[in-house]
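> Going down the list, the protein sequences come from chains A and B. Numbering-wise (this note's numbering), the first sequence opens with residue 892 and increments by one. Numbering-wise (this note's numbering), the second sequence opens with residue 200 and increments by one.
Each hint should be verified, as a subset may be incorrect.
What the hints assert, rightly or not - On the chain B side, residues computed to face chain A include the following (Cβ under 7 Å):
no.: 1; residue: F210
no.: 2; residue: S235
no.: 3; residue: M239
no.: 4; residue: M241
no.: 5; residue: I258
If you are wondering where the hints come from, they were derived from the structure by calculation, not from laboratory data. We put the beta carbon where it would ideally sit given N, CA and C, even for glycine.
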Amino acid sequence: MIDNVTSVSPGKFAKGYKNFTNNEWFFPQHFPGNPNVPGALQLEAMAQMLTVAITTIDGLKGKVTHALSHEVRFKKEIFPGQRLDIITKVNSWSRGICEGYGKGLVEEDIVCEANMKITIPEIFIQYIPKR
Amino acid sequence: MNNKDKYIKVFVESFSIKESKLKKDLKYNTIPEWDSVGHMSMIGKIEKAFKITLEMDDIIDFSSFKTGIKILKKYKIKV
């Protein structure tokens, strides 16, 4: 759910965008006569951008990431032909867990934002008590 | 606030439980809130409350309320 990453500081932030063309697979059904971008996909775009901020850290390229929990707010619809600018910030990165914030903008209006928690299981799992 | 109160507060806040649940030695994975993610959140709060950084082995071994008290002794924290 990202077309381009325009700026990244590993471990700190990542910015980019996603263009929603008229031909996206979901528009015909979401919804007929009133196409707009599903909230779940807006959240996915923000989560993927946050993942970029983490997996650009030295040694973490290509690591699998999982979502842990997200708290998201949707403020305005996104329509075909619009571009979602995505800005994410890492609040903390420790022991395989990243807590971060993301927002999506269309023409400088915030259309969605989220507090997100993601993990690199390969790292996180090393700290879990053995039963 | 003394160390015991601080320690109890971490558990109560991390897992949204009443203090009475700690009397019989709460253990990892015995309540839904103390799963792997809850564990890391609790560890972070312990470190912040007592201004320490736990070693990896101690994080892994920190599997119950009582065991945690023993582990904190290593860091010269008496609960």
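> It remains to establish, for every hint, whether it holds in the given structure.
Hint check:
no., hint, result
1, F210, "violated, 15 Å"
2, S235, "holds, 5 Å"
3, M239, "holds, 6 Å"
4, M241, "violated, 11 Å"
5, I258, "holds, 5 Å"
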